[in-house]
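Chemist: Sequence:
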Amino acid sequence: MSLRRTRAIAYGVVALLGVAAVLFTRPLPPRETRPGDVLVKEEARPQWRERHDTLGRGDNLMALLARGGLGRAIANEALQAVKVSKALDFRYLPANMQVTLRSEETDTLPSEIVFKLAVDRLLHVWRSDSGWATREERLPWTTDTIVVTGSIKSTLYGAMYAATEGMLPNYVAERLANIMAEQIYEYRVDMSRDLRVGDRFTVVAQRRIAPDATIRVDTIIGATMTLSGQTIEAVRFPSRTGGIWFDQQGRPLRSGFLRSPLAFSRITSRFGMRRHPILGSMRAHQGIDYGASAGTPIRAIGDGVVVRANYNDGYGNVVEIRHPNGYVSRYGHMSRFGSGIARGVRVNREQTIGYVGSTGMSTAPHLHFEVIVGGVQRNPSQVLANVSALPLPVAELTHFNAARTHFLSMLESPRYLAQADVRQAGGPSSAQ
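In our numbering, the protein residues as written are 1029 to 1460.
Heads up, a few of these hints could be off.
Distance ranges between label pairs, derived from CB positions [claimed, not checked]: (1) 1076 / 1202: 16 to 22 Å; (2) 1087 / 1266: 40 to 46 Å; (3) 1268 / 1161: 46 to 52 Å; (4) 1091 / 1392: 31 to 37 Å.
These are computed hints drawn from the structure, not numbers from a lab. For every residue, glycine included, the Cβ atom is placed at its ideal position computed from N, Cα and C.
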């Protein structure tokens, strides 16, 4: 017998013996449980059913809970627990409040109710052995810093929408533009007149994102606006003198006067010579005409005392205000006066003194606005641009310069610029 055949027979015998061992070996007995052993038993998790509902107009919580399967008596008990918690005022229920009712699959009645009080507040109400219990939950927001840079093509709003695409939803971008126009630059830049195509702006702001992807921008760290090549910085610096926004020289951006008596408008006729729209002759136009819809609120451009509030032929319903620095502002063609506006009444800057109309010698609703200095009408565009408030005191300049340096470093930091680029490329953009 050859050596090769002998080896084959030997390997076959070994294989048969291995199979036999597997088939005829008795299984090991189960291990005895000894004192101290911990037995882990996997418990079945309860399955939950959820019903989502919204409190609509004219709706009430009792009807909503009934839709969710709760009888009147049980619903009353649950709502009583909510009332005791004081987390929800039944007199002022949030509009379109979302409510979730949860029940175990084996139970016909909901055993938990979740009220969404706000984007970051939930009220849990559940059945316990002793009745209904409540717990309020605060949901965390995430915060980051963004840099928004845009170029004016038509309006500040349009430029802001384009600059924040993919970074902020439009309603937040609109709020950001409003803050710039009405809180930061209102006393230095007239957004309806000073902006030109190609002007640029930059805003550094803190963005907050809620658990449901709602986005807010509540804090602006700083901003810049470059108008016709001239840059006006806005540095956030809470001063002991009361100001918040200051330019690069430490001068407050909120000067003594508004640049315009209307929040947003268009200029239909400037200061200077023109052909009178009614008389047809060339004559000096002693103010600026702002086109706006009838009923648009008209604001006092500064603190002062009303020296005239009556009907005056060509001016129609007109208000004149004497300001502390001797200037007088005049507002004509009003449809009606603001509440309480009369001669001798003291008014504050931004107070509504009347509403746009077409009284007197007027062809359409608009505001005729004049600024009088030393008894002479002056060009409001020039006069109001040159009125500024006092700068920061020397004692605060060191801290202000540190705040400004930090703001400028954020404009150039790759960290913040990279964040903005990432958000624009693929960040949240459709929060409600």
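Chemist: For the range 16 to 22 Å, tell me whether the beta carbons of residue 1076 and residue 1202 fit it or not.
Modeler: 40 Å, violated
Chemist: Given the hint of 46 to 52 Å, is the C-beta distance from residue 1268 to residue 1161 inside that range or not?
Modeler: 49 Å, holds
Chemist: Given a hinted range of 40 to 46 Å, is it respected by the beta-carbon distance of residue 1087 and residue 1266?
Modeler: 44 Å, holds
Chemist: So does residue 1091 sit 31 to 37 Å from residue 1392, Cβ to Cβ?
Modeler: 51 Å, violated
Going down the numbered hints, you'll see the structure goes against 1, 4, while the others check out.
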